[in-house]
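**Q** Got chain D; can you put chain S on it based on the hints?
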Amino acid sequence: GIQVEQSPPDLILQEGANSTLRCNFSDSVNNLQWFHQNPWGQLINLFYIPSGTKQNGRLSATTVATERYSLLYISSSQTTDSGVYFCAVYSGAGSYQLTFGKGTKLSVIP
Amino acid sequence: GAVVSQHPSWVICKSGTSVKIECRSLDFQATTMFWYRQFPKQSLMLMATSNEGSKATYEQGVEKDKFLINHASLTLSTLTVTSAHPEDSSFYICSARDVTNRLYEQYFGPGTRLTVT
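Going line by line, the protein sequences match chains D and S. Residue numbering for the first sequence follows our numbering, starting at 1 and increasing by one per position. Residue numbering for the second sequence follows our numbering, starting at 1 and increasing by one per position.
Chain D on its own, in the form it takes in the complex (with noise of 0.2 Å):
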């Protein structure tokens, strides 16, 4: 089946800071989903980006299907950004079920 490969692991993150956090993926996708894991355990939709560049507010998202990766960017980063990125894709004809990458770990520190 498909991989997905997120990184880094983990990101200490001074407030205030950007980062970048990738997601590659092995093989063509229908699509691409990226969430927020709250401390709670919801995972809170960002991006819904099959190609192209989405912006909301201090995150952007872009993916880039020919080339098999995502990147997502948080700007000037805050302390409630805090919690685990995931990259999910869909793969196959007319699948529905997203497979997910291992996730990226945010710590925002004061």
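It is possible that part of the hints are untrue.
One-sided excerpt, in silico: chain D residues whose CB lies under 8 Å from chain S [claimed, not checked]:
{"#": "1", "residue": "ASN45"}
{"#": "2", "residue": "LEU98"}
{"#": "3", "residue": "GLY103"}
Think of the hints as simulated: they come from the structure by calculation, not from any bench. Backbone N, C-alpha and C define an ideal beta-carbon position, used for all residues, glycine too.
**A** For chain S alone, kept in the frame of chain D given last:
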């Protein structure tokens, strides 16, 4: 919009008993729902795909007789953990796909933390 709820949010049960977890799409209809399991500090693993009005499709290694899934309506899927054992303790998360949305986007519930003593 696109809100998914789960109930209960946490449950403690004794070994050998059964536990039912509900997953509801509150403001959309979902022909397809998914059940995931997440162990501490690990990623989400798909357990099964639940289709309204038909049998669920289980991933390899998931015991269908132990994890019973029922998707009786377009807004409700249930997962029943039968004869629970301590190794079934985990965080169970459901997701749903909006039937009217041509996109593949899934929306996730807040999860249910199961502890089997």
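**Q** Hint by hint, note whether the structure agrees.
**A** Okay, the hints, checked on the actual structure:
no., hint, in the structure
1, ASN45, "7 Å, holds"
2, LEU98, "6 Å, holds"
3, GLY103, "6 Å, holds"
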